[in-house]
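Chains A and B supply the protein sequences, listed in that same order.
Read left to right, the first sequence gives residues 645 to 835 (the working numbering).
Read left to right, the second sequence gives residues 645 to 835 (the working numbering).
A few of these clues could be false.
Covered by chain B, according to a simulated footprint, are these stretches of chain A (three or more residues, beta-carbon under 8 Å) [claimed, not checked]:
id	region
1	664 to 676
2	748 to 757
3	766 to 778
4	796 to 808
5	819 to 827
To give an idea of the interface, some chain A residues facing chain B are shown, with a C-beta separation under 7 Å as derived from the structure [unchecked claim]:
id	residue
6	Gln745
7	Leu792
8	Leu813
9	Asp815
10	Gly833
Pairs of lysine to aspartate or glutamate, EDC-like flavour, derived with a Cα cap of 20 Å [unchecked claim]:
id	chain 1	residue 1	chain 2	residue 2
11	A	Lys698	A	Asp763
12	A	Lys698	A	Glu653
13	B	Lys698	B	Asp710
14	A	Lys698	A	Glu757
15	A	Lys698	B	Glu753
16	A	Lys698	B	Asp710
17	A	Lys698	A	Glu708
18	B	Lys698	B	Glu654
19	A	Lys698	A	Glu658
20	B	Lys698	A	Glu757
21	A	Lys698	A	Asp710
22	B	Lys698	A	Glu753
Hints listed in this document are in silico derivations from the structure and should not be mistaken for laboratory results.
A quick note: this is a predicted structure, and the numbers were derived from the prediction, not measured.
Quick reminder that beta carbons are idealized off the backbone N, C-alpha and C, glycines included.
If you want the building blocks of each chain, they are given just below.
2 protein chains.
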Amino acid sequence: MAAARARSEERRAEIVRAALEVIAERGYRGASLGAVAERVGLTQQGLLHHFPTKEALLVAVLEERDQWDTGGGGAAARDGWRLDLLDSLVEYNAMRPGIVQTFSALLGESVTEDHPARDFFTRRYAQVRAHMADVLRAEFGDRLPGGLTPEQAAPLLTAVMDGLQYQWLLDPDAVDMPAAFRDFLRLLGAR
Amino acid sequence: MAAARARSEERRAEIVRAALEVIAERGYRGASLGAVAERVGLTQQGLLHHFPTKEALLVAVLEERDQWDTGGGGAAARDGWRLDLLDSLVEYNAMRPGIVQTFSALLGESVTEDHPARDFFTRRYAQVRAHMADVLRAEFGDRLPGGLTPEQAAPLLTAVMDGLQYQWLLDPDAVDMPAAFRDFLRLLGAR
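Take the sequences, apply the hints, and build the full model.
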């Protein structure tokens with residue numbers, strides 16, 4: 645039983661990696677369950693055994709990315725985010741439009757009634773705001789130079805990251821996402 | 645001919661108003677072409693004569709909202725936006741989740757390949773950033789208290805408005821959207 649579970653988890657991880665590759669190559673719409681199944685040598689029916697819907701697979705992909713970004717040795721430190729590492733994370737995101745597009749498209753869908761990714765994003769935002777407040781408190785203490793508390797600045801920091809992604813995805817030549825994010829960090833830290 | 649065109653434009657305006665009502669009552673997913681057609685006493689086929697797709701109708705709804713918000717006697721002034729009126733606009737948005745949800749869901753879809761609303765949002769953001777820069781210049785001159793130029797602050801102001809909407813739509817009890825936006829305005833103006 646334990647061996648079967650381990651094999652199933654390994655298979656899931658393999659499918660998520662394949663989905664990430666397909667997303668990077670073909671974007672959100674190109675990443676069909678069929679294309680992902682083909683990549684891992686499964687039938688579409690076989691893939692549905694592990695992920696019952698495209699949304700479930702995409703949520704697993706985004707969870708994997710969060711895992712990597714915040715602890716798996718990605719752009720952010722092992723023990724969480726720091727403000728200068730957020731800067732690097734945005735630089736890194738600007739080099740992977742496929743996954744940013746997937747995040748942004750699924751976030752958009754998630755605000756509609758009874759969407760299967762709604763719970764994921766609601767929980768994720770509560771966690772991200774709490775993390776951001778910790779990062780800001782570590783950097784500035786209980787009051788930022790501009791006068792806000794870490795808890796007041798955290799949703800704004802999160803909102804700027806998400807909002808800039810839409811502007812950048814729509815018109816990458818008009819919006820320098822990393823530069824704009826650095827401007828915001830300067831604004832937070834400006835005395 | 646001119647009379648026929650006027651009648652057609654009147655009909656279009658009537659359909660857009662009906663769509664706004666249906667969105668307010670039933671949200672993004674509930675606002676089907678069938679439901680809108682019924683509201684104005686048209687068959688779905690008759691409605692398709694005016695708007696060939698649901699996306700085309702929703703874009704017309706968002707254009708109508710922009711028109712109203714920036715010039716039609718809504719929360720913003722006749723000659724455009726001012727910074728304190730942006731504050732009122734966000735307050736007003738917090739009272740109309742249906743249209744904010746429609747904007748946010750369609751924005752999410754628009755970043756996917758060849759989406760019919762992609763052009764609308766790309767053009768809209770270029771205009772909104774230019775407007776925001778004008779508003780900021782009128783308020784602060786060529787340099788904001790925090791050190792940014794109006795052109796640097798404009799995409800951030802836009803991003804904060806959009807990003808807060810997602811957090812608020814997902815979890816209205818956890819995110820006070822108007823209060824968070826006022827925090828951001830204080831940050832922009834803080835010396």
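Checklist entry - Do the alpha carbons of lysine 698 of chain A and glutamate 658 of chain A lie within 20 Å of each other, as the hint requires? => result 16 Å, holds
Checklist entry - Taking the closest Cβ pair, is aspartate 815 of chain A under 7 Å from chain B? => result Holds, because the Cβ-Cβ distance from aspartate 815 of chain A to chain B comes to roughly 5 Å (cut-off 7 Å).
Next on the checklist: So, as I understand it, the hint says glutamine 745 of chain A touches chain B; can you test that by seeing if any CB pair is closer than 7 Å?
Outcome noted: Where the cut-off is 7 Å and the nearest Cβ of chain B is about 5 Å from glutamine 745 of chain A, the hint holds.
Checklist entry - Given leucine 792 of chain A as an interface hint, is the shortest Cβ-Cβ distance to chain B below 7 Å? => result Leucine 792 of chain A check passes; min Cβ-Cβ to chain B is 6 Å, inside 7 Å.
Checklist entry - Hey, lysine 698 of chain B versus aspartate 710 of chain B, does the alpha-carbon distance stay inside 20 Å? => result 18 Å, holds
Checklist entry - Is lysine 698 of chain B close enough to glutamate 757 of chain A, meaning Cα to Cα at most 20 Å? => result 17 Å, holds
Next on the checklist: Can you confirm whether the C-alpha distance between lysine 698 of chain B and glutamate 753 of chain A stays at or below 20 Å?
Outcome noted: The given pair, whose Cα atoms are some 15 Å apart, holds under the 20 Å limit.
Checklist entry - Is the straight-line distance between the alpha-carbon of lysine 698 of chain B and that of glutamate 654 of chain B 20 Å or less? => result Roughly 19 Å separates the two Cα atoms, so the pair holds.
Item to check | Cut-off 7 Å, beta-carbon criterion: hint that leucine 813 of chain A touches chain B | outcome: At 4 Å from the nearest chain B Cβ, leucine 813 of chain A passes the 7 Å test, so the hint holds.
Next on the checklist: Next item in the hint list is glycine 833 of chain A. Is there a CB on chain B closer than 7 Å to its CB?
Outcome noted: 9 Å, violated
Checklist entry - Going straight from one Cα to the other, do lysine 698 of chain A and glutamate 708 of chain A come out at no more than 20 Å? => result 15 Å, holds
Checklist entry - Between lysine 698 of chain A and aspartate 710 of chain B, is the straight-line Cα distance small enough, at 20 Å or below? => result Violated, at roughly 34 Å.
Hints 10, 16 from the earlier list are contradicted by this structure; the remaining hints agree with it.
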